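*Asks:* Spelled out, the chains give:
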Amino acid sequence: LLKCDGEGARAVPLAGHVGFDSMPDQLVNKSVNHGFCFNILCVGETGLGKSTLMDTLFNTKFEGEPTQHNQPGVQLKSNTYELQESNVRLKLTVVNTVGFGDQINKEDSYKSIVEFIDTQFEAYLQEELKIKRTLHSYHDTRIHACLYFIAPTGHSLKSLDLVTMKKLDSKVNIIPIIAKSDAISKSELTKFKIKITSELVSNGVQIYQFPTDDETVAEINSTMNGHLPFAVVGSTEEVKIGNKMVKARQYPWGTVQVENENHCDFVKLREMLIRVNMEDLREQTHTRHYELYRRCKLEEMGFKDTDPDCKPFSLQETYEAKRNEFMGDLQKKEEEMRQMFVQRVKEKEAELKEAEKELHEKFDRLKKLHQDEKKKLEDKKKSLDDELNGFKQKKTAAELLQSQAQQAGGSTTLKRDKERKK
Amino acid sequence: HVDTAEVNPSHSNMSAPPHPQPPAKGASHAAGDFSYVGIDAILEQMRRKAMKQGFELNIMIVGQSGLGKSTLMNTLFKSKVSRKSVVSTPEERIPKTIEIKSISHDIEEKGVRMKLTVIDTPGFGDHINNENCWQPIMKFINDQYEQYLQEEINIDRKKRIPDSRVHCCMYFIPPTGHCLRPLDVEFMSRLSKVVNIVPVIAKADTLTLEERDFFKQTIREELRANGIDVYPQKEFDEDSDDRMINDKIREMIPFAVVGSNQEYQVNGKRLLGRKTKWGTIEVENIAHCEFAHLRDLLIRTHMQNIKDITSSIHYEVYRVRRLNETNGQPNAQPPNTLDSNIKYIMIHT
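If you read the sequences in order, they're chains A and B. Under full-length UniProt numbering, the residues of the first sequence are numbered 1 to 422, in order. Under full-length UniProt numbering, the residues of the second sequence are numbered 1 to 349, in order.
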């Protein structure tokens, strides 16, 4: 293999303007033409305002009815929307957990969520492994951000929250938020946030950290990291404050303004989720969470990078080995089916033979019956014939006697005898 | 409509400067609605990421010796990115076999960093018998695809797979003025199937404008007649806008170029050029030669596209062929057998 690794590339100065500084623009233009994909998963109990928050974040009314509380299990409902802002087209998918936290037994609640996330990874992996693939036009459904809605109890995380987040933290970027935070006073909120953060740390839950390696955004990201979990309030209703219409929730004792940073962290969430780190969320999903899934899946399937002798396996060799195994299995199955078929045929054959035998016997019986009947009839006929013959003979004899008697002259007597006989 | 200069409480100082505020689709159109979601900030995020990661570009230059290949590279990138073959004796000059020499440089412009790799092919077309001289070049290109594929199918793979695939192969046509030679046709015919070929007429300062136009037309016809698809390939035009732009380019290729590393004083300006007794040829003057068009195509407008075609088309074609090969039987196998196997394995695991 003629490798070209270019290690030790020297830096050279340019004597003039070449023009490749347009590369970021070329790249951005290509992405604009393609459009972008962003997929958010909202996990939280029913009634925590997940749908409202999405509506508020993206400034649009997304879907329909609020869900009932009597779902038998946790289901995931996914909806995709096309949004556009200036020249940017975004395919936004919002996935909601329906019925989360409503069941009496919540042990399996996290399972359908994990399954859903894995299914999206699986779909991508399948596409990536295809021979003829179209990765650049693939609609990416992998979850880029998971907003975990914490109920505003003011005390601590529920055990369901801890269990669920623990199961999800290696599969998706988790951003915990305190929902409906207008239910908590400011002082309680600070204590609540500290409690939540310490519980997450002590339970080893890895939540998404806003990246601080790029100096342009390092400062704001690290500040925001300190404000997690974000205490949010969502609202699509507008209220007049001063001479402006603002998104707010109006109570008799005052109005909570969604976009007022003194009232809640909504602005921070929007800033971090959309305006600063959307691309990083997508990248982490692809380079970290997806790679982990892929690695585990391939290892599970028996693929290895090196064989026991530490020589690199090519995936082709493993494909070949798997393929042979598959063919072997297929042949075995085929053989089994063939055997079964032969067996069935034999059985059926035997059944049919049995039936045929019965029929023959029946036929023979009937035949015999018929013969017996026939014989009987013949016998009867014979006896009748005999009787008839006997009668005829008697008749002939009688007639002869009569004619003889007439000839002898005593015809009247014979007549009288005849008449008597008649 | 609310004046956007009035500080929007939702506007933090980190987001991009205010854009004109068309509402997101489906937003309510209540009076005074000025909510800006910030979806378009992703463009800035992408730009930041690209600047941080830098770019890679791998260009191969193919042509007989003496056609000014190295000079042209150095002119394109305004630095010594390609070393001219050191000529000592004629015997030493021409390598016995075609060599493939790769040199990488890190260059930077306005904060954009690029790793440029120039792949030279000394010995091409220089021998008496040039049969199969494309083979080592074809092999090199395929080896780079192979290297990428191997890394891509690893279980434990790198975050960013180093890209050594040849994005563009510049083929230098000697300025005979007549037509393509059999070697040119043979090479371009074979290689255009695996790599983006950008043909250029080298040392075009020996052609008058009429001779140049005639030559280009002849070349275009010959390319068409031989079914050779050079970059930009018609079948990869994405939409009608693309087609319009690319059609214009297709009518102009191959570009007739002149290269130079020397500057001369022309009309009070210092310009790159070649000085002769009858005048100075200005390299970047489009009335003199088409260098600027080539530079714009290759670097300023279509660089990303060239890389995209390499990765999403040429590389994929190689991959398909390679993965089908391992079935043991050549093309007799129906397509996508292997992935149905994988699906079977996945379903039954």
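There may be inaccurate statements among the hints.
[Claimed, not checked] What follows is a set of in silico ranges between Cβ atoms, one per label pair, in the way DEER data are often shown:
id : chain 1 : residue 1 : chain 2 : residue 2 : range
1  : A       : Ala9      : B       : Lys275    : 12 to 20 angstroms
2  : B       : Arg157    : A       : Ala218    : 47 to 55 angstroms
3  : B       : Gln265    : A       : Ala218    : 25 to 33 angstroms
4  : B       : Ser189    : A       : Lys30     : 42 to 50 angstroms
5  : B       : Asn285    : A       : His139    : 21 to 29 angstroms
6  : A       : Asn262    : B       : Glu238    : 31 to 39 angstroms
7  : B       : Glu263    : A       : Glu219    : 18 to 26 angstroms
8  : B       : Lys110    : A       : Cys296    : 50 to 58 angstroms
9  : B       : Asp242    : A       : Met301    : 37 to 45 angstroms
10 : B       : Tyr264    : A       : His17     : 17 to 25 angstroms
11 : B       : Arg157    : A       : Ala9      : 39 to 47 angstroms
12 : A       : His139    : B       : Asn226    : 35 to 43 angstroms
[To be verified] Straight-line distance between alpha carbons at most 20 angstroms, and here's what the computed SDA-like set of lysine to any residue pairs gives:
id : chain 1 : residue 1 : chain 2 : residue 2
13 : B       : Lys115    : A       : Asn260
14 : B       : Lys110    : A       : Gln406
15 : B       : Lys159    : A       : Glu128
16 : B       : Lys159    : A       : Lys395
17 : A       : Lys395    : A       : Gln406
18 : B       : Lys52     : A       : Tyr293
19 : A       : Lys30     : B       : Ser311
20 : B       : Lys49     : A       : Lys395
What the hints contain is simulated information worked out from the structure, not anything from laboratory work. These numbers were taken from a predicted model, which means no experiment stands behind them. Note that CB positions come from ideal geometry on N, CA and C, so glycine has one too.
*Asks:* Each hint should be assessed against the structure and marked as holding or not.
*Replies:* Here's how the hints hold up against the structure:
A hinted range of 12 to 20 angstroms is violated for the C-beta pair Ala9 of chain A and Lys275 of chain B, which are about 33 angstroms apart. Restraint check, Arg157 of chain B to Ala218 of chain A: a C-beta distance of roughly 28 angstroms breaks the suggested window 47 to 55 angstroms. As the Cβ distance of Gln265 of chain B to Ala218 of chain A is approximately 48 angstroms, the hint placing it in 25 to 33 angstroms is violated. For the pair Ser189 of chain B and Lys30 of chain A, the supplied restraint of 42 to 50 angstroms is violated, since their beta-carbon distance comes to about 30 angstroms.
In this structure, Asn285 of chain B and His139 of chain A break the distance hint of 21 to 29 angstroms, their C-beta atoms being roughly 48 angstroms apart. For Asn262 of chain A and Glu238 of chain B, the hinted distance range of 31 to 39 angstroms is not satisfied, since their beta carbons lie about 48 angstroms from each other. Look at Glu263 of chain B against Glu219 of chain A: about 44 angstroms separates their beta carbons, and that is not inside 18 to 26 angstroms. Here the CB-CB span from Lys110 of chain B to Cys296 of chain A is close to 42 angstroms, at odds with the stated 50 to 58 angstroms.
Distance hint for Asp242 of chain B and Met301 of chain A: a CB-CB separation of about 40 angstroms, consistent with the stated range 37 to 45 angstroms. A beta carbon spacing of about 18 angstroms between Tyr264 of chain B and His17 of chain A agrees with the range 17 to 25 angstroms that was offered as a hint. Checked against the hint of 39 to 47 angstroms, the pair Arg157 of chain B and Ala9 of chain A fails, with Cβ atoms roughly 22 angstroms apart. In this structure the hint that His139 of chain A and Asn226 of chain B lie 35 to 43 angstroms apart at CB holds, the actual value being about 39 angstroms.
Proximity of Lys115 of chain B to Asn260 of chain A is assessed by CA-CA distance (about 46 angstroms); at most 20 angstroms being required, the pair is judged violated. Our distance criterion of 20 angstroms between C-alpha atoms is broken by Lys110 of chain B and Gln406 of chain A, whose separation comes to about 165 angstroms. Between the alpha carbons of Lys159 of chain B and Glu128 of chain A the distance comes to roughly 16 angstroms, so the proposed pair stays at or under 20 angstroms and holds. Between Lys159 of chain B and Lys395 of chain A the alpha-carbon distance is near 130 angstroms, which puts this suggested pair outside the 20 angstroms criterion.
Between Lys395 of chain A and Gln406 of chain A, the direct Cα distance comes to roughly 16 angstroms. Compliance with the 20 angstroms bound is thereby established for this hinted pair. With a C-alpha separation of about 27 angstroms, the suggested pairing of Lys52 of chain B with Tyr293 of chain A is violated against the 20 angstroms cut-off. Annotation: proposed proximity of Lys30 of chain A to Ser311 of chain B holds, straight-line Cα distance about 14 angstroms (limit 20 angstroms). For the given pair, Lys49 of chain B sits about 138 angstroms from Lys395 of chain A by alpha-carbon distance, which is inconsistent with the 20 angstroms threshold.
Violation of the numbered hints given earlier is confined to hints 1, 2, 3, 4, 5, 6, 7, 8, 11, 13, 14, 16, 18, 20; the remaining hints are satisfied by the structure.
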